[in-house]
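> Take a look at the letters that make up each chain.
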Amino acid sequence: MSEATVDATVDSSRRTWLITSCAMGGVGAAAVAVPFVSSFQPSERAKAAGAAIEVDISTLQPGEKRVVEWRGKPVWIMRRTPEQLAALEKQEDQLADPNSDRKTYPTPEYAKNRHRSIKPEVLVAVGICTHLGCSPGDKFTPGPQPSLPDDWQGGFLCACHGSTFDVAGRVFKNKPAPDNLEVPPHYYLSDTTLLVGEEKKA
Amino acid sequence: MAEFKEISPDAPLGQKALNWVDNRFPLSKLFNEHMAEYYAPKNFNWWYIFGSLALLVLVIQIVTGIFLVMHYKPDATTAFASVEYIMRDVPWGWLIRYMHSTGASAFFVVVYLHMYRGLIYGSYRKPRELVWVFGCAIFLVLMAEAFMGYLLPWGQMSYWGAQVIVNLFSAIPFVGPDLALLIRGDFVVGDATLNRFFSFHVIAVPLVLLGLVVAHIIALHEVGSNNPDGVEIKATKDDKGIPLDGIPFHPYYSVHDIFGVSLFLMVFSAIVFFAPEFGGYFLEYNNFIPADPLVTPLHIAPVWYFTPFYSMLRAITSEMMYALIACVLLGALLGVVKARLNMVMKGAVVGSAVVLVALMLAIDAKFWGVVAMGGAVVILFFLPWLDNSPVKSIRYRPSWNKWLYLVFVINFLILGYLGVQPPSPVGERVSQVGTLFYFGFFLLMPWWSRLGEFKPVPSRVTFHPH
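Sequences listed follow chains A and B, in order. Reading the first sequence from the start, the letters are residues 1 to 202 in this note's numbering. Reading the second sequence from the start, the letters are residues 1 to 466 in this note's numbering.
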């Protein structure tokens, strides 16, 4: 490089325009990226598929669990036996959030109780572990068994990472899952018909 | 620009054609720079085959992939059936698919060995930092490629594996849930997810991968290969400027590598023909069941090459967080007492430690599990700046270093084994110790790599003609 160019004074007007053009070019590139990134969002069709579903629970036997699909997720509807309901009290000191106070998956007011449901015996919960989204399995037989503590009272076990829940979907302490199972918005259309996916309008 | 080169009209046709091309495109120049006049150290041992093998597997994956796409359907309702169609009805389709699925595992086998070679011989040290960094980027991209490819057969393992990994992103505070939604394109893994993963797996990620491979090789050929002695062969040159301990890559190593390739292909073919599922490790048995969004298989585990990192994810429980907080506090204390820093820097160390501990208490262990899993890969990028050893190769490091590297490898294998197993209390403890060791190995490297009695490094490579 020759001496002249090294010592040449900076033409500040040119530099200003250079910086402005680069900035404008950057803005343009960012604007073009918007539609592409937006296309990653759920499509209108996927959003529309989230409608509420009606479930008839008249044939649900005590101790039976039924799985229905809502927004592509498994929703458990389970009629608990009196023994299972009684067991809910026994291990509350081992639960991470016995009163369902955490806000990540807010529990609706009508399910903020020990059995986490409107009718004490009927559990309605999204069967997706709050850790990483596996669907926990049924472990209703009390007593010692593989992967479970010796004083097990019956509940659910997520086989993926070992999180355990009681029959009200409340998570035990010191497990990877931080939250209780989500209770979806729901209400009873009649004594035996449930609507999952909507709150009762006042 | 090079001079236009005239050639004798009596020259053979081949030479004339080459000259015609060379005047318009640097064909001979490129060949010489990267093959015939690229001088590689003459003391390479068998560890040095895995780079060539990785390139071979890349070619196998691209070619078999192109043919699989001709028959595969990226649609949640037909994907599983189209894979079975390839396996049963497409002539020789089973072979092409098994080559692709075995190739995926083979890729990780050779890449892990290739990285280990770099680790023990200090191939990441100055001036090869960028070779290493590009290589780590290749490893990261390869993991993304393998993960997205695994969703495509749309079996139970594909589905729930993707569900778990995408949900990892939702653990990030504030933006997580929206980010997971953007990745899935739906509220759960579904058709939209399958379609975009297909697009990423067959075009976007392979393009990035190819670009990084080219950058990796260009950077390597700029600085020259390291060798088992960690001696710079460019430091001793003959009067023509050729390294005395170097031999031209072509024909010496090109021919030599054909031997390694033959051995590799024997093993590869044996697996493809006799054990393509490899006992459920290369193709998991649960993946022969079509994806069912309502039922998680009782035991889900990632494919073997992800399991060491998966173990670290599982190891971070709320109990483990107290151990990690203790580590952070201890680190800050050491920084204040031992490190030669001025008061401002020490204040910064204490301040950042306090902020970190506050975050660790405030955010769920789930998020920190994700951080640990990602950090386990990201930390590799920093290896060139973590190692303070005065010598490169393990040959001239203190003897106890060999034991340390052995423990590191065994620890990595144990973590891998635990990642395949269902969760258990004993396994959890072991994986927590293993995770601490893994990170300790790297984070304490600036300290331990300086310790001990180093052996004198020769000025020329050790080489015994045979």
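Honestly, I wouldn't trust all of these hints.
[As the list claims (entries may be wrong)] Okay, derived cross-link-like pairs now, EDC-like style, lysine to aspartate or glutamate, Cα gap no bigger than 16 Å in a straight line: (1) B:K402 with B:E453; (2) A:K73 with B:D191; (3) A:K173 with B:E319; (4) A:K73 with B:D292; (5) A:K173 with A:D97; (6) A:K47 with B:D178; (7) A:K47 with B:D10; (8) A:K103 with A:D11.
[Stated by the list, open to error] Simulated restraints on C-beta separations: (9) A:G137 with B:W400: 54 to 60 Å; (10) B:L27 with A:D11: 41 to 47 Å; (11) B:A235 with A:M24: 49 to 55 Å; (12) B:M87 with A:V67: 26 to 32 Å; (13) B:N195 with A:V34: 42 to 48 Å.
FYI, nobody ran anything at the bench for these hints, they're computed from the structure. We put the CB at the ideal spot given by N, CA and C, even for glycine.
> State for each hint whether it applies.
Hint check:
1. Between the alpha carbons of K402 (chain B) and E453 (chain B) the distance comes to roughly 13 Å, so the proposed pair stays at or under 16 Å and holds.
2. Among the hinted pairs, K73 (chain A) with D191 (chain B) is consistent with the structure: their alpha-carbon atoms are about 14 Å apart, no more than 16 Å.
3. About 10 Å separates the Cα atoms of K173 (chain A) and E319 (chain B), which keeps this hinted pair within 16 Å; it holds.
4. Restraint check for K73 (chain A) and D292 (chain B): satisfied, since their Cα atoms lie roughly 10 Å apart, inside the 16 Å limit.
5. A distance of roughly 8 Å separates the Cα atoms of K173 (chain A) and D97 (chain A); the hinted pair therefore holds under the 16 Å criterion.
6. Among the hinted pairs, K47 (chain A) with D178 (chain B) is consistent with the structure: their alpha-carbon atoms are about 14 Å apart, no more than 16 Å.
7. Taken as a hint, the K47 (chain A) and D10 (chain B) pair is broken in the structure, with Cα atoms around 74 Å apart against an allowance of 16 Å.
8. The hinted pair formed by K103 (chain A) and D11 (chain A) fails the criterion: a straight-line CA distance of about 58 Å is larger than 16 Å.
9. Distance hint for G137 (chain A) and W400 (chain B): a CB-CB separation of about 47 Å, inconsistent with the stated range 54 to 60 Å.
10. A beta carbon spacing of about 43 Å between L27 (chain B) and D11 (chain A) agrees with the range 41 to 47 Å that was offered as a hint.
11. For A235 (chain B) and M24 (chain A), the Cβ-Cβ distance of about 50 Å falls inside the hinted range of 49 to 55 Å, so the restraint holds.
12. Checked against the hint of 26 to 32 Å, the C-beta distance between M87 (chain B) and V67 (chain A) comes to roughly 30 Å, which is consistent with it.
13. A hinted range of 42 to 48 Å is violated for the C-beta pair N195 (chain B) and V34 (chain A), which are about 21 Å apart.
Hint check: violations occur at hints 7, 8, 9, 13; the rest are consistent with the structure.
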